[in-house]
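K.L.:
Chains F and Z, in that order, are what the protein sequence lines are. Read in order, the letters of the first sequence correspond to residues 54 to 207 in the numbering used here. Read in order, the letters of the second sequence correspond to residues 23 to 136 in the numbering used here.
One or more of the hints may lead you astray.
As the list claims (entries may be wrong) - Partial selection, computed: residues in chain F whose CB lies under 10 angstroms from chain Z:
| hint | residue |
| --- | --- |
| 1 | 84 |
| 2 | 109 |
| 3 | 170 |
| 4 | 175 |
In case anyone wonders, no lab produced these hints; they're calculated from the structure. The structure displayed is predicted, hence computed values, not measured ones. Where is the CB? At the ideal position from N, CA and C, for every residue including glycine.
Each chain is listed here by its residues.
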Amino acid sequence: MGSGGTDDVGAEWNTARDADEVTLLSEEITAARVTALRHAVAEAVRAAGLTGHGLEDFVLAVHELVINVVRHGGGSGEVRLSRHHDLLTCQVSDDGPGLRETAVALPSPGEVGHRGLWLAQQLTEGLTIDTSDQGTNASVTARLSARPTVNEGR
Amino acid sequence: MVATEQTWHWRVDVCADRRVVALFGEIDMSGADRLDDLLHETIAQAGTVEVDLERVTFIDSTVLSTLVGAHHHATDRGVDLTLVNAAGQVRRVLDMTGIMQLLGRMADPPPAAI
Numbered sequence: 054m055g056s057g058g059t060d061d062v063g064a065e066w067n068t069a070r071d072a073d074e075v076t077l078l079s080e081e082i083t084a085a086r087v088t089a090l091r092h093a094v095a096e097a098v099r100a101a102g103l104t105g106h107g108l109e110d111f112v113l114a115v116h117e118l119v120i121n122v123v124r125h126g127g128g129s130g131e132v133r134l135s136r137h138h139d140l141l142t143c144q145v146s147d148d149g150p151g152l153r154e155t156a157v158a159l160p161s162p163g164e165v166g167h168r169g170l171w172l173a174q175q176l177t178e179g180l181t182i183d184t185s186d187q188g189t190n191a192s193v194t195a196r197l198s199a200r201p202t203v204n205e206g207r
Numbered sequence: 023m024v025a026t027e028q029t030w031h032w033r034v035d036v037c038a039d040r041r042v043v044a045l046f047g048e049i050d051m052s053g054a055d056r057l058d059d060l061l062h063e064t065i066a067q068a069g070t071v072e073v074d075l076e077r078v079t080f081i082d083s084t085v086l087s088t089l090v091g092a093h094h095h096a097t098d099r100g101v102d103l104t105l106v107n108a109a110g111q112v113r114r115v116l117d118m119t120g121i122m123q124l125l126g127r128m129a130d131p132p133p134a135a136i
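Start from the sequences, fold in the hints, and give me the full structure.
P.N.:
If you want it as structure tokens, here you go:
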């Protein structure tokens with residue numbers, strides 16, 4: 054390990070960090086599989102230890118990113134759910150034309166549409182969006198530390 | 023071709039000029055068009071429409087849009103459309119987006135002063 058051609062310290066650090074990262078789920082996004090994909094994400098997140106509102110909210114947030122891909126991201130992409138210690142990250146990517154609007158704000162109650170990204174942000178620890186004309190990478194995170202068994206000192 | 027799994031169903035109770043549309047299950051993007059048709063049909067038949075969400079366990083932003091759109095359509099036709107009995111995450115999402123305040127029972131006119 055580490056015998057590659059790079060002497061970039063940052064890259065080695067990333068390699069070390071990745072060793073602790075576990076991929077829990079990796080699935081393709083298609084319009085027909087949106088519901089099945091949500092159920093698969095829910096099962097994987099539950100198995101990772103998220104429960105109650107935290108579980109429901111993370112699943113809805115991921116679902117919102119997935120339907121964004123179907124509706125605005127060229128229709129296909131990928132979902133990757135991973136765990137790094139007590140941090141769950143779900144990355145949703147597509148190679149569509151990119152999002153024109155990434156401002157995340159709550160529309161007035163009478164407005165039709167534009168709530169997906171706001172929900173994804175509100176329902177998780179954080180939402181990150183990286184978009185260009187090459188595609189979009191959006192990810193949401195949640196902490197597993199709400200579990201009563203967590204007892205890690207520093 | 024993979025058939026889309028049916029995750030929700032509905033029932034409409036008819037009582038004179040009032041309709042109660044009871045929804046059951048998980049409703050997402052793949053059911054939003056069908057829900058839109060159902061609500062429009064019901065609005066065309068009644069003066070009052072209640073959408074009973076008690077047994078709905080999941081909605082997404084497309085369903086929120088469908089509900090808000092149906093509310094506008096109803097208002098344009100002089101029909102009163104309200105959401106009732108929302109619970110759990112469905113209720114939380116309707117509350118946090120302000121939609122419950124717009125489409126919930128609070129939209130009813132206040133009782134006459136005694």
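K.L.:
For every hint, state whether the structure bears it out.
P.N.:
We went through each hint and held it up to the structure:
no.	hint	result
1	84	holds, 8 angstroms
2	109	holds, 5 angstroms
3	170	holds, 9 angstroms
4	175	holds, 6 angstroms
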